[in-house]
Amino acid sequence: MENKKENIAIKINHVYKSFKLVYDKAYTLKERLVRHHNKANYREVLNDINLTIDKGETVALIGVNGSGKSTLLKLMTKIIYPTKGNIIVNGKLTSLLELGAGFHPDFTGRENIYFNASIFGLTAKEIDKRIDDIISFSELGELIDNPVRTYSSGQYMRLAFSIAINVDAEVLLIDEILAVGDQHFQDKCFNKLAELKNSDKTIVIVSHSLGTIEKLCDRGIWIHNGKVMMDGNISDTIKEYIKNCG
Amino acid sequence: MIKEIKEVYKYRELLKSNIKKDIRGKYKGSFLGVLWSFVNPLLSVLVYAIVFPFILKSSQENYVTYLIIGIIPWTFFTTAISQGTTCILVNAGIIKKVYFPREILPISIVLSGIVNFVISCLIILLFVIISGIGIGINILYLPLLVIIQSILTLGIIFITSSINVYIRDAEYIINFLTSMLFYATPILYSSDLFPENMRWIHTINPMAGLINAYRDIFFNKVAPNLKIITIIGVISIVILIFGYKIFNKLEKGFAEEV
Chain A
13 MENKKENIAI KINHVYKSFK LVYDKAYTLK ERLVRHHNKA NYREVLNDIN
63 LTIDKGETVA LIGVNGSGKS TLLKLMTKII YPTKGNIIVN GKLTSLLELG
113 AGFHPDFTGR ENIYFNASIF GLTAKEIDKR IDDIISFSEL GELIDNPVRT
163 YSSGQYMRLA FSIAINVDAE VLLIDEILAV GDQHFQDKCF NKLAELKNSD
213 KTIVIVSHSL GTIEKLCDRG IWIHNGKVMM DGNISDTIKE YIKNCG
Chain B
83 MIKEIKEVYK YRELLKSNIK KDIRGKYKGS FLGVLWSFVN PLLSVLVYAI
133 VFPFILKSSQ ENYVTYLIIG IIPWTFFTTA ISQGTTCILV NAGIIKKVYF
183 PREILPISIV LSGIVNFVIS CLIILLFVII SGIGIGINIL YLPLLVIIQS
233 ILTLGIIFIT SSINVYIRDA EYIINFLTSM LFYATPILYS SDLFPENMRW
283 IHTINPMAGL INAYRDIFFN KVAPNLKIIT IIGVISIVIL IFGYKIFNKL
333 EKGFAEEV
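Residue numbers (the numbering used here), protein chains in the order written: chain A, 13 to 258; chain B, 83 to 340.
The hints are simulated quantities; they were obtained by calculation from the structure and are not laboratory data.
Be careful, since some hints might not be right.
List time: in silico SDA-like cross-link candidates among lysine to any residue, alpha-carbon distance up to 20 Å [to be verified]:
| no. | chain 1 | residue 1 | chain 2 | residue 2 |
| --- | --- | --- | --- | --- |
| 1 | A | Lys32 | B | Ile245 |
| 2 | B | Lys110 | A | Pro159 |
| 3 | B | Lys334 | A | Arg55 |
| 4 | A | Lys204 | A | Glu151 |
| 5 | B | Lys85 | A | Arg122 |
| 6 | A | Lys209 | A | Lys42 |
| 7 | B | Lys92 | A | Lys32 |
| 8 | A | Lys255 | A | His236 |
| 9 | A | Lys137 | A | Leu155 |
| 10 | A | Lys90 | B | Ile84 |
| 11 | B | Lys108 | A | Arg122 |
| 12 | A | Lys141 | A | Lys90 |
| 13 | B | Lys303 | B | Ile84 |
| 14 | B | Lys334 | B | Lys108 |
| 15 | A | Lys67 | A | Asn210 |
| 16 | A | Lys96 | A | Arg55 |
| 17 | A | Lys251 | A | His236 |
| 18 | B | Lys88 | B | Leu322 |
| 19 | A | Lys42 | B | Leu193 |
| 20 | B | Lys309 | B | Asn287 |
| 21 | B | Lys88 | B | Leu193 |
| 22 | A | Lys255 | A | Asn237 |
| 23 | A | Lys255 | A | Ser221 |
| 24 | A | Lys23 | A | Glu69 |
| 25 | B | Lys88 | A | Glu138 |
| 26 | B | Lys98 | A | Ala136 |
| 27 | B | Lys92 | A | Lys204 |
| 28 | A | Lys104 | B | Ile87 |
| 29 | B | Lys110 | A | Gly223 |
| 30 | B | Lys102 | A | Lys42 |
| 31 | B | Lys88 | A | Gly103 |
| 32 | A | Lys90 | B | Tyr145 |
| 33 | B | Lys110 | A | Arg122 |
| 34 | B | Lys102 | A | Ile143 |
| 35 | B | Lys334 | A | Tyr54 |
| 36 | A | Lys104 | B | Asn287 |
Predicted model, so just to flag it, every value in this text is computed and none were measured.
Using the sequences and the accompanying hints, generate a full structural model.
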């Protein structure tokens with residue numbers, strides 16, 4: 013039993029999540045006082061989710077828009093907290109929900125690498141070690157010492173992705189950001205993810221590019237209306253998903 | 083509590099980069115750059131130094147130096163409070179998308195305030211030297227005063243920043259309260275000029291005790307009243323613990339509310 017525990021990367025126990033449904037949010041004191049009698053409506057986004065993801069697994073979460081995939085990912089990173097139930101994560105976790113968080117346009121690409129990587133919890137020493145990899149992966153060359161505001165949006169995303177992918181976490185959560193840059197860079201990102209997968213990292217991906225994730229992942233979890241509809245081999249899950257929702 | 087402190091320590095690089103962004107990013111693009119950190123308090127001193135001698139028949143010697151010693155710590159306090167109150171809302175973008183210990187945001191506001199304050203202390207030193215007051219040994223109490231003021235400020239903005247996420251009026255109420263507090267603190271005048279029957283306001287206002295202590299070490303060149311300083315220190319720690327408890331309770335909803 014103990015041995016088994018060590019192999020678990022993410023354990024989700026009976027997780028429920030509901031969001032308060034507000035049409036016109038009472039932000040000010042006056043509104044609060046005037047409308048305090050209004051009953052709040054809740055919308056259940058996740059309904060009794062139970063999942064166990066082992067270390068080294070590459071898992072895809074699929075489902076239609078609004079099915080709760082991203083909410084589940086946000087719960088795993090502790091950006092939001094479950095209404096009921098709990099989530100246990102073993103190992104250093106990094107989520108790539110947004111690229112370029114904390115970028116400051118007036119600072120150079122190099123300085124922004126430090127800003128952005130520090131949001132992921134890296135220390136200066138750890139960033140020093142990775143900075144050459146990050147710069148070479150981004151293929152920005154000498155542009156790296158120019159202010160980020162001079163970058164094109166493609167270059168901006170390339171830098172951001174290079175940082176995120178080089179953070180070197182044990183558990184990696186990715187939300188629909190595979191489509192970054194031109195074809196050449198996309199291929200590179202795909203290869204990097206495949207490399208991470210082979211180096212025994214745990215990866216959870218939310219994506220609608222079914223072709224890409226079929227190649228990359230082993231396991232597919234189909235979520236619909238806040239419930240796990242199917243959990244199994246990626247190809248079977250995708251087939252079932254397309255049959256029902258395609 | 084220890085778990086949380088460890089987590090903040092793990093993210094210390096984020097603190098550093100926030101401070102760097104704050105100090106160097108603030109004046110980027112302006113002509114004088116970081117010099118504005120010096121010029122700003124000097125300009126506000128100028129306003130008071132011109133206006134007040136007309137209204138108040140101030141018999142205070144070296145009034146400008148006297149003012150500066152009050153205004154610079156006060157600027158440290160109010161800037162941190164006003165930036166700190168909005169710090170969660172301002173960073174809504176990253177709060178919604180990235181996990182990091184949320185405490186980092188208020189803490190980095192106070193830390194960059196300290197850096198700014200320490201630089202501004204050079205202005206105080208310049209003025210006490212020029213005015214012939216000179217520098218005494220009691221200036222060594224400065225770090226103690228800075229630490230107490232920082233603890234007090236951090237405690238307050240833990241409370242105000244988290245409440246401001248849920249009730250956005252907080253920001254305006256806080257602004258009003260700090261401008262009231264300005265006049266209830268002996269900055270423009272000395273404590274003895276305050277009407278006797280209202281002196282209690284200074285007793286319960288921790289900033290009053292702190293400003294008087296800054297005056298003691300820079301202007302009067304004596305040791306601050308250690309009994310008062312200890313009491314303020316204890317109160318500040320209590321506010322910090324209480325504030326952190328509130329922050330900790332409310333932070334779970336930040337990503338959904340901002």
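Given hint A/Arg122 paired with B/Lys108 - CA-CA distance at most 20 Å: holds, 19 Å
Agreement of A/Lys90 and B/Tyr145 with the hint, judged by alpha carbon distance not exceeding 20 Å: violated, 53 Å
Given hint A/Lys90 paired with A/Lys141 - CA-CA distance at most 20 Å: violated, 27 Å
Pair hint outcome, A/Lys104 versus B/Asn287 [Cα-Cα no greater than 20 Å]: Distance of about 45 Å is beyond 20 Å: violated.
Distance restraint between B/Lys334 and B/Lys108, which requires alpha-carbon spacing of 20 Å or less: Answer violated: B/Lys334 to B/Lys108 is near 29 Å, above 20 Å.
Hint consistency between B/Lys102 and A/Ile143 [alpha-carbon to alpha-carbon, up to 20 Å]: Holds, at roughly 19 Å.
Given hint A/Arg122 paired with B/Lys85 - CA-CA distance at most 20 Å: Not satisfied, since the Cα-Cα distance of roughly 32 Å exceeds 20 Å.
Distance restraint between A/Lys255 and A/His236, which requires alpha-carbon spacing of 20 Å or less: Within the cut-off at roughly 13 Å; holds.
Distance restraint between B/Lys88 and A/Glu138, which requires alpha-carbon spacing of 20 Å or less: holds, 18 Å
Pairwise hint evaluation, A/His236 against A/Lys251, where the allowed Cα distance is 20 Å at most: Cα-Cα ~15 Å, so holds.
Proposed proximity, B/Leu193 with B/Lys88 (alpha carbon, max 20 Å): holds, 18 Å
Agreement of A/Lys137 and A/Leu155 with the hint, judged by alpha carbon distance not exceeding 20 Å: Roughly 23 Å separates the two Cα atoms, so the pair is violated.
Of the numbered hints listed earlier, those contradicted by the structure are 5, 6, 7, 9, 12, 13, 14, 19, 27, 29, 30, 32 and 36.
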